[in-house]
Amino acid sequence: MLNKFKYSNFSAFLLVLLSLWLIYSCSPTAKDNKALPSDKHQPHNVYGQTGMVVAAHPLAAKAGLDMLQNGGNAVDAAVATAFALNAAEPFASGIGGGGFMVIYLAKEKKVTVINFREKAPSGAFPEMFKIGGESSVELRREHGLSVAVPGALAGWNYALNKYGTKNLNDVIKKAVDIAEQGFELSDTFSKINKDEYEKLLKNSGEESNYLNDGFPYEPGDVFRNPELANTFKSIASNGIEEFYQGDIAKKIVKAIQDLGGILSFEDLSSFQPIEQEPIKGTYEDYTLYSIAPPGSGGLHIIQLLNIIENWPVQKWGFNSAAYIHHLSEAFRFVFADRARYLGDPEFVSIPVSPLLSKKYGARIAQQINPNRSLHNYPYGEFDEKDNDKESTTHLCVRDKEGNIVSLTQSINHFFGSGIIPQGTGFLLNNHMDDFSRDPESANAPRLNRRPVSSMGPLIVFKDNEPVLVLGSPGGTRIFPSLTQIIINIFNFKMNLDEAIEAPRFFSYSVSGEPRNIYLESRISFEVRQTLESMGHTLTIREDYDNYFGGAQGLMILPRKRGMHGGADSRRDGYGAGY
Amino acid sequence: MKKTHFSIFMLFLAFILLITDPLSPKEFPQFKQPVLITSAGQSAEVQLASVLAKRAGLNYSLSKTATSRDLADVKTIALVIGTSLKGLGAAGLDMSQENERVSSLIKATQQFNIPILCLHLGGEQRRGTLSDQMIKTVLPFAQHVIVVKSGNKDGLFTEICNTHSIPLIEVERAADALEPLKNAFL
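If you read the protein sequences in the order shown, they are chains L and Z. Using this note's numbering, the letters of the first sequence map in sequence onto residues 761 to 1338. Using this note's numbering, the letters of the second sequence map in sequence onto residues 129 to 314.
One chain only, chain Z, in its complex shape:
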C-alpha cells in the first residue's frame, strides 16, 4: 500500500515537473505551414529568416511589406523585427507608414487567428530607439520569440516575454536559429 502511494506520489511529482519546467519543449507552441515571412522595420534580417526557412525545409513565402491581403492560406506569420532607415528608404516607407502597416497586419492575424512567430536576428547592432519602439509594439502579440542573444543583453525581450508569458529562445548567432525554427514547425 505504502509502495503504491509512493509510486503515485512520484508520478504526480513527475507530472508537475513536466508541466512547470520552463525549458520543456512542450511549452513551445507548434506552428503550422505555410509561413509568411515579413519584416517589422525593414531591416535586412528578413532575408536571413528566409534563408533559415529554406534550410529548415519550410513551406514559406517572403513579402517584406506584407499586408492583410497576403494572408490567404497562411497558417503562420514570421515577423522579423529590426528597424533600418536604409531598408525603409529602399521600401519607400517612412517610420509611421511602417508602424501602420505592421499594426494593421497584426490586427488581421488576430482576426484570422494566425499565430505570430517573432524573430530578432540582428543582435545588439539591431537595437536602438527605432528598433526598440518596434520591439515593444510587436512582441506582446507573439506566440513564440527567437532572439540572437546579444540583442537581449539588457533583458528587454526577457522582460516583455515574461510579462506576456511568451516562450523565448535565445541563440548565440543568427545561424543558430535554424534548429529552434525547425522545432517550432515539427
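So here's chain L without its partners, still in its complex pose:
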C-alpha cells in the first residue's frame, strides 16, 4: 500500500515536472525573444505575454509600452505612441497631419473607428490647383495650398477622452523627452531627409530645425527638436484648443497663408473628428474590420480578398509569375473602382455594399485572363439604388484587457508640405494632394471635404476573437501591400514578420489603362521574364524598398499564449512587448 502510494506520488511528481518542461519549451518567450538579428531584414517576431506596441520607431514603441506598464490601456498607449512618433519619426506623421484609428473594446466585443482625416479648407474648389489648364504638382504638394486642416490632435484627444484612462499631460510626457533629449538618426531618417532636402529648403529655409546647419542630417547625427517639445508642453498645459484656436493656430494660419494657402483660423477652430462604424468583410474563416470611406484601404483590401478567394494561390506558389500576374490585374480593376466611386461619404454616395460583395469579386476574377495582361480595366457598374452612405505611419497596441488599437496616420509625403509654423517644430501635411486632379471626380477638392485616403488599419477576427492587427503607410501601395501580407500569413503560412519582410509588388491603372508592375528586386529574374512575356512592363525597385510601405503587425497567439509583433525593416519598425 505504502509502495503503491509512493509510486503514485512519484508519478504525479514526474507528471508535474513533465508539464512544467512542456510549458517552458512551448512558451514562445523561450525561443522568440532573442536579441535582434544583426541583419535588420532578417524576420524577427517579438513576443509579449500581456501587452505589446509595434510602431515605426523604437523610441515610440517604448513610449507606448511604458504607458501600458504604468496602467494605461491600449488607447492611452496608442496616443502616447502617436505623440512619440511625432518626435522620433517626424517626417511621416504628427500633429500637422491626420489619420484613422480602429479600436476594439474587449469587454463589449465592439469595434469602432475614429476618423481624424484632414479636411479641405472652406475656400477649396475643384480647379484650385490648375495653372494654365494643367494641375500643378508644386501647388498640390509644396505650397500653402497643399495643406489640409490637420486632424491628428483632435482625433487623439477624442479617443483619449472617450476610451482612454489618462489625460493629455500623461500621454505627452515621453514625446517631450524624446524631442528635448534627442536621439541618433538612423539611415532611414537621413536618407529621407536628403531626398526631401529641396522641399525643406524651399518652405522652411536653411535654418529649418529639420536640417543640420542648413544641410541634411547624416546617419548617427543627434537630432533634437526643442521647439516641438515646447509645442507639446503648451498643448499639455492649455489643451488642444491651443492648437485649434490659440497661439499655435495663429502660427499655422500665418505659415500657410504666407506661402499662398487659403486655410483659415475658422477652418481650424471648426475641425471635429468623427466616430464611425467600421466596414466588415470575410476571407475564408476570417472576418476583417477596417475603416470606411473616405479611407479606401479597408474597402479595397476586402475587395481584393474577395477576388483572390476565387483563385488557387497556394497551388501557384508565393510570388510565382501566375500569382503576381493575377494580383496585379486585380489591383488594376480595384484602382478603376477607386477612381470612379471613392470620395467623402458625407458629400457623395459610394456603392460600398456592392463593391464589397463576393459576387462582384468573383465577377472580376473571371474577367482576368490567366495568360495575358488585359490592357483595359473598366470600373464596376452598379444600380444607383445600391449606393449607400455607410460609410501614414502605422501602429498597433494590445493591452492586458485585450483592447486593441490599429492606427494609421500621416502627413502624406515624407516631410509633408515642408512647411513648419514659426517656432513650433512640427510639419504641416500636404494631404490636399490626395484629392483628384479631375474636377468632375467624386474626390475633387471642395469646401470641407475629406480627401480619399489609401490607409487601411485593420483588425482580423476568427471565431469572434481578434487574431491579427495590421496596417501600413505607403500611399496607394498600402492596400496592395496589406493584401499580400494577409495572403502570406493565411495562405502561404508564413509567420508574421516573415510575411511582412517578404518581397512585394504593386501595380495600378489610370483611366482603365495599366501601369507598370513595380517589384522589389528580390523577385527572381525568371519570374520577371515570364511576367514580361505576359505583356507586363516592369519597374524594378530596391531589395527592401519603403516605396511599398512600412507595415506593423501584431498577431494574437491561440490558447492565451501571448502575442507576436512584426515590424517592417523597410523603415525603422520596432515591437516592444511585456
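No lab work stands behind these hints: they were computed from the structure. Treat the hints with care, since some could be wrong.
As the list claims (entries may be wrong) - Derived pair list, reagent style DSS-like, types lysine-lysine, alpha-carbon separation capped at 25 Å:
| hint | chain 1 | residue 1 | chain 2 | residue 2 |
| --- | --- | --- | --- | --- |
| 1 | L | Lys867 | L | Lys1040 |
| 2 | L | Lys962 | Z | Lys192 |
| 3 | L | Lys962 | Z | Lys182 |
| 4 | Z | Lys214 | Z | Lys264 |
| 5 | L | Lys800 | Z | Lys264 |
| 6 | L | Lys800 | Z | Lys214 |
| 7 | Z | Lys281 | L | Lys800 |
It should be emphasised that the depicted structure is a prediction, and the values quoted were computed from it without experimental measurement.
Based on these hints, arrange chain Z on the given structure of chain L.
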C-alpha cells in the same frame, strides 16, 4: 664646390617631391566661373551642391536637367552624381533618358572644352546598382572629384580616379565639401 653641389641636389630633390606629392594642392586643377551645376541621376544632392556653391561665394546656376543648350558662357560643369528613382520620376525622366541626357552633355563639354567637376555627396546611401552605373559612366570624364567618404567605402571612386589619373578628395560629410569646393575655384 661640394656645398654648391649639395644645395643643387637638395633643390632638385625638393622640386621632385613637389611635383610628385599626391596631396599637393597644385595637383588639383583650378576651375573657372561661372559654374553650371547639374545632376547625373536626379538625386536631391544636386540641391546640396547648390547650397555649397552659394556658401562658397561662387558664380553659379542650377539646372537639374541641363543640356548642351545651357552651356553658353559656362566655364565649369559641376556634375552631382547619384541616382534616385523618386528624383527621376519628379523630373519626368526614366533611367535611359537620363543616361542619354548626361552622355550628350558630357559630349558637349568635351566639344567646348568645359572641364567637369564631379561631386558625390550622398555617401553610402547613394550607392547601389543604378548610382554605380552612373558613377562608372561619368567619372572617367571628370577633371576633379569630391566624394563623401562613406560613399567610397569599397574604393570604387579611388579605383576609377587612379585609373584615369583624376585627383580625388574625400570628405567626412557633405558640409565638409565646402572648403575643397572653394579651393577648386581659387
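25 Å limit on alpha-carbon distance, applied to hinted pair Z:Lys214 and Z:Lys264:
OK: Z:Lys214 and Z:Lys264 at ~21 Å, within 25 Å.
Regarding the pair L:Lys800 and Z:Lys214, is the alpha-carbon distance no greater than 25 Å?
holds (24 Å)
Just to be careful, I want the Cα atoms of L:Lys962 and Z:Lys192 compared with a cutoff of 25 Å; is the pair within it?
holds (16 Å)
Take a quick look at whether L:Lys867 and L:Lys1040 sit within 25 Å of each other, Cα to Cα.
holds (20 Å)
If you draw a straight line from the CA of L:Lys800 to the CA of Z:Lys264, is it 25 Å or shorter?
violated (29 Å)
Does the alpha-carbon distance linking Z:Lys281 and L:Lys800 stay inside the 25 Å limit?
Since the Cα atoms of Z:Lys281 and L:Lys800 sit roughly 20 Å apart, the hinted pair holds (cutoff 25 Å).
Does Z:Lys182 sit within 25 Å of L:Lys962, going by the straight-line distance between their CA atoms?
holds (15 Å)
When the structure is compared with the earlier hints, a violation turns up for hint 5 alone.
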